[in-house]
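Required output: the full structure, derived from the provided sequences and hints.
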Amino acid sequence: MMKEKSISASKASLVFFLCQMISALDVPLDSKLLEELSQPPTITQQSPKDYIVDPRENIVIQCEAKGKPPPSFSWTRNGTHFDIDKDAQVTMKPNSGTLVVNIMNGVKAEAYEGVYQCTARNERGAAISNNIVIRPSRSPLWTKEKLEPNHVREGDSLVLNCRPPVGLPPPIIFWMDNAFQRLPQSERVSQGLNGDLYFSNVQPEDTREDYICYARFNHTQTIQQKQPISVKVFSTKPVTERPPVLLTPTGSTSNKVELRGNVLLLECIAAGLPTPVIRWIKEGGELPANRTFFENFKKTLKIIDVSEADSGNYKCTARNTLGSTHHVISVTVKAAPYWITAPRNLVLSPGEDGTLICRANGNPKPSISWLTNGVPIAIAPEDPSRKVDGDTIIFSAVQERSSAVYQCNASNEYGYLLANAFVNVLAEPPRILTPANKLYQVIADSPALIDCAYFGSPKPEIEWFRGVKGSILRGNEYVFHDNGTLEIPVAQKDSTGTYTCVARNKLGKTQNEVQLEVKDPTMIIKQPQYKVIQRSAQASFECVIKHDPTLIPTVIWLKDNNELPDDERFLVGKDNLTIMNVTDKDDGTYTCIVNTTLDSVSASAVLTVVAAPPTPAIIYARPNPPLDLELTGQLERSIELSWVPGEENNSPITNFVIEYEDGLHEPGVWHYQTEVPGSQTTVQLKLSPYVNYSFRVIAVNEIGRSQPSEPSEQYLTKSANPDENPSNVQGIGSEPDNLVITWESLKGFQSNGPGLQYKVSWRQKDVDDEWTSVVVANVSKYIVSGTPTFVPYEIKVQALNDLGYAPEPSEVIGHSGEDLPMVAPGNVQVHVINSTLAKVHWDPVPLKSVRGHLQGYKVYYWKVQSLSRRSKRHVEKKILTFRGNKTFGMLPGLEPYSSYKLNVRVVNGKGEGPASPDKVFKTPEGVPSPPSFLKITNPTLDSLTLEWGSPTHPNGVLTSYILKFQPINNTHELGPLVEIRIPANESSLILKNLNYSTRYKFYFNAQTSVGSGSQITEEAVTIMDEAGILRPAVGAGKVQPLYPRIRNVTTAAAETYANISWEYEGPDHANFYVEYGVAGSKEDWKKEIVNGSRSFFVLKGLTPGTAYKVRVGAEGLSGFRSSEDLFETGPAMASRQVDIATQGWFIGLMCAVALLILILLIVCFIRRNKGGKYPVKEKEDAHADPEIQPMKEDDGTFGEYSDAEDHKPLKKGSRTPSDRTVKKEDSDDSLVDYGEGVNGQFNEDGSFIGQYSGKKEKEPAEGNESSEAPSPVNAMNSFV
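Going by my numbering, the letters in the sequence shown line up with residues 69 to 1348, in that order.
Hints are not guaranteed to be accurate.
Heads up, simulated DSSO-like pairs for lysine-lysine below, C-alpha to C-alpha not over 27 Å straight-line [what the hints assert, rightly or not]: (1) 987 / 370; (2) 1069 / 1150; (3) 1177 / 1003; (4) 1003 / 1032; (5) 1155 / 599; (6) 945 / 990; (7) 537 / 561; (8) 627 / 1154; (9) 1177 / 1032; (10) 815 / 849; (11) 987 / 969.
DEER-style ranges, computed between Cβ atoms [said to hold, decoys possible]: (12) 860 / 943: 37 to 45 Å; (13) 539 / 640: 50 to 58 Å; (14) 1198 / 331: 37 to 45 Å.
I should point out that these hints are in silico values taken from the structure, not numbers from a laboratory.
Remember, predicted model here, so these are calculated numbers, not experimental data.
We put the CB at the ideal spot given by N, CA and C, even for glycine.
Right under this line is the structure:
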């Protein structure tokens, strides 16, 4: 019993401390303040836990930390102190803990393999890094083996084993032929996850001697190749069809273990003839939507971001026309430790309490251990203020000596998490951070917020005074926020003056004075009015304003919500807008906007322009076409054209347009040649060689253009060399291994002679290389294959014809094709600015790894869950693009008190690179939205019952509701304001001790720890005393109040109309009206009269997708109206399609089709009765051999292969000619196209080198550690 009592007391003590815990002090982000405060060390940057390094480069082990005073650094290696001073190859960067190991002096990287840990220490404590495991990457040679040819019968299955050398990290496998052309893959032939090449059934076209498996080692940028494998297929007739048999995995069941958050890959490859089709299901459940993908022609099931819920049995079924087989894979999802609640830094004042909480989950459940300043807490110096209780450390009555850095380690068999969190005990007198004598200006009748930002430890108490020596501010007319801000909800002119903020704690007191000025609102006292003006008359709109004399107003006029036309007819005066000589284009809405530094008002009016009385007018017309065209003075490059003008038709001819036709190259097409003034009737025309010219002339006056004249006689010019070269020459790669040279071809007359061709030349820029040239036909594109990825080229294109070359062309710079970026942005950091805004930082990726034109970075972010509701929803990812080489960006529009994830990707012209690891961040609480409703019921002599709904968006944890109310007399004057604070778990309240027969106005809002949300208002009336109660009518169920009441105004809105309904209590035969307007608009309310005493009305002619305000009133009852209600019309829908079944043209078409079918039936019947002898050819057509019909399979390519290429045999690749010209029948695919950016270079020993990216694996190194490999292939001459 004593033992049980002790345990219960311990639990009670823990609960007490957690309830009494004071959260960490908020330290304002004031740079001067941060420089003065002491702070324990914090690790800001460190190398990854599993760090695979390039053995050819210096090893850099990162460790950066901050603190006050700046921390010193030390390292351990394999658990013992690492004395850096005794190792000449190791240096530490200044003011940093980052180690640099110099291996350029012949030292092997293997000598520095091991487990490293960094410690950052100052007088306030010590922070430690993760255990950083350093391993050099390895790319061993392929094991020598003798490969026998594979002799296979047609229709049998075949597996070509790759068995690549084990490297660190493991290599990426792919198959090519000896010409570096990728082997096409399909449902029949595909590569497995282990790198082997599987044939479900072999065909004669699979015979070849150069099946080569390549292993790409990303870290060392090398490619190793296996000896070629020979396959010979011999045919037997007939070919025996077979049901499916699984090639991999074997057996009927297997097991698979995967870690949470990883990618689950399950594979089933089957043999059989016809080729089997693979289908996947999850037994007893559904495959997860949005995370499931099928690869390798549905032979591979891929599930990303797996969780424990993805555990279970996955069944693959292989099926063809002869049967089926299946395999069940039992998947178990384990989990390395992951954070539920990571410990957070505590800033406490002496004597305060606090807690550090470290909660993690995993499968199996991780164990939690604590360290202090890097030492296990069990052997660390005692601290009487500290008590460890499992995953929680409780601090009580801390002192300055309690400052330290605590480490929480959560580990299981699959990994560990290590987090540093400091406890910083500060004793600081109050400081006010708001500048002294700061001036605040607001408009009368609007809220005033006066800041008093402060800091101190213990947390200071804040008081406000009016004036320098005035009394302390209290009462309902002020709102005091936790951050020190003073709010005056409704500022008046007499609120102007000096306000003093006083901050005090036990270490001292300080104060600050600020100034508040309340200005008169800006008003338009004479608004513009609707105008109807005749054309050519003058229109004027007035806009007379009244404003505070200390504010300078700016008046802007708009037309149809846009700037006024740039036209001197628009004259803007001080108080008006005048439009001279009005035209039809001036029709529209004119708006006067008045802006000051504190407010803005506007008013609008419509101008309608009407026609002036008709007057007789002269008839003007376009001119008649010119006549009698004549050609004289014929030369090789010029000719003279003359003509006779036609009739002007009361409008003088202003100019003549001359056009020409090239009857040799473009007959029937007329082109602009030149134009001359209307007074000129001859022109000297320049001509081009090798053109058969005809000319025509068009006259132009103010009315328009005449019809063209009759064409002149034809004139053929002699041929000559081209005068010019193609324009707009560009070089842009479409694939990573090619350069597409394009240009604008010369037009027909620009060829200057027959046999137009182009000489295309190129060479790599900044490389001592000769020009490579090729002459092509009259086309506008040429593709150079086998180029390195994204390198600059010098390009020129020269025109030539049968008579010779054009002048030497100018050179342009182009680039070979881009490839996807290889590297994800690193060091992604998120700084949450407020509850709806965050700033994300990242390190730029190296320009080499971009492999293309850097276009910017994309930030993908999405909400994981709301912290207030703890309910997940459909993840809707948002994307923000930041152009250029930016390293930061803002994330707006976040939801308060929510958990988000984000990642960053670099973007080039090819697309996006890999995503950075998902970064989790959380937004703090915000102020809540208004309560969802407020209803006031059950009025009595002295009480009212209030009911309300919680806010739709709490944006945090609700702390309370604030209810304010005040009486309203018959002249609508407001009485004293009463405020009541209501617990957050309440949803109703009975207000008692009210005055009888009195109208009250209520203001209601919710609060979180951040502050108050927006309020909603409602009005209600208590009934009068017994003497004044009206006698109810027979059968009436309740007593009618003396004053009428309209309540429960509800709306049901559609696109362009809304149904309004309400409840009315009061005298009978009331005449109702409905007033409405656009929400937030300053325009007057629009009024609609309700016929009879109905309690509903339909508002029509509304604008779709617009928010409206509405209220209901009763005529003749002291102007009584209901409270306002808001509603929004539905979005505009696409115009409804006309039912074609009711259209005349459709009915006629159907009748015609029916008649045609009837005629065909009659013809068939007559022919059948004649006797059914059909020609042999028709029978053969009707029974065509199905085996010769074209067959279309699913896409079976690596990426760019089209469906048509799926049916090509696995033919031997041919080498490209050494002059590097490309034949049209050659494949554009090559090794560099597959290699994700290979730059087309070889090591001295012939192994291939390129720039790669890839996921770093964690398997141990095995096999030969040499990074060299022989290659039987030649260098660039055969690689295109």
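Here is what the structure says about each hint:
A C-alpha spacing of about 23 Å is found between residue 987 and residue 370, which places the hinted pair at or below 27 Å, so the restraint holds. Restraint check: the Cα-Cα separation between residue 1069 and residue 1150 comes to about 23 Å, which is no more than 27 Å; the hinted pair holds. Distance hint between residue 1177 and residue 1003 is fulfilled; the C-alpha atoms sit about 19 Å from each other, no more than 27 Å. Our distance criterion of 27 Å between C-alpha atoms is met by residue 1003 and residue 1032, whose separation comes to about 15 Å.
Our distance criterion of 27 Å between C-alpha atoms is met by residue 1155 and residue 599, whose separation comes to about 22 Å. For the hint pairing residue 945 with residue 990, the CA-to-CA distance comes to about 16 Å; that is within 27 Å, so the pair holds. Restraint check for residue 537 and residue 561: satisfied, since their Cα atoms lie roughly 21 Å apart, inside the 27 Å limit. With a C-alpha separation of about 23 Å, the suggested pairing of residue 627 with residue 1154 holds against the 27 Å cut-off.
Distance hint between residue 1177 and residue 1032 is fulfilled; the C-alpha atoms sit about 23 Å from each other, no more than 27 Å. Between residue 815 and residue 849 the alpha-carbon distance is near 15 Å, which keeps this suggested pair within the 27 Å criterion. With a CA separation close to 5 Å, the supplied pair residue 987 and residue 969 stays within the 27 Å bound. One distance hint, 37 to 45 Å for the beta-carbon pair residue 860 and residue 943, holds here, with the actual separation near 42 Å.
One distance hint, 50 to 58 Å for the beta-carbon pair residue 539 and residue 640, holds here, with the actual separation near 51 Å. For residue 1198 and residue 331, the hinted distance range of 37 to 45 Å is satisfied, since their beta carbons lie about 42 Å from each other.
In summary, this structure violates none of the numbered hints.
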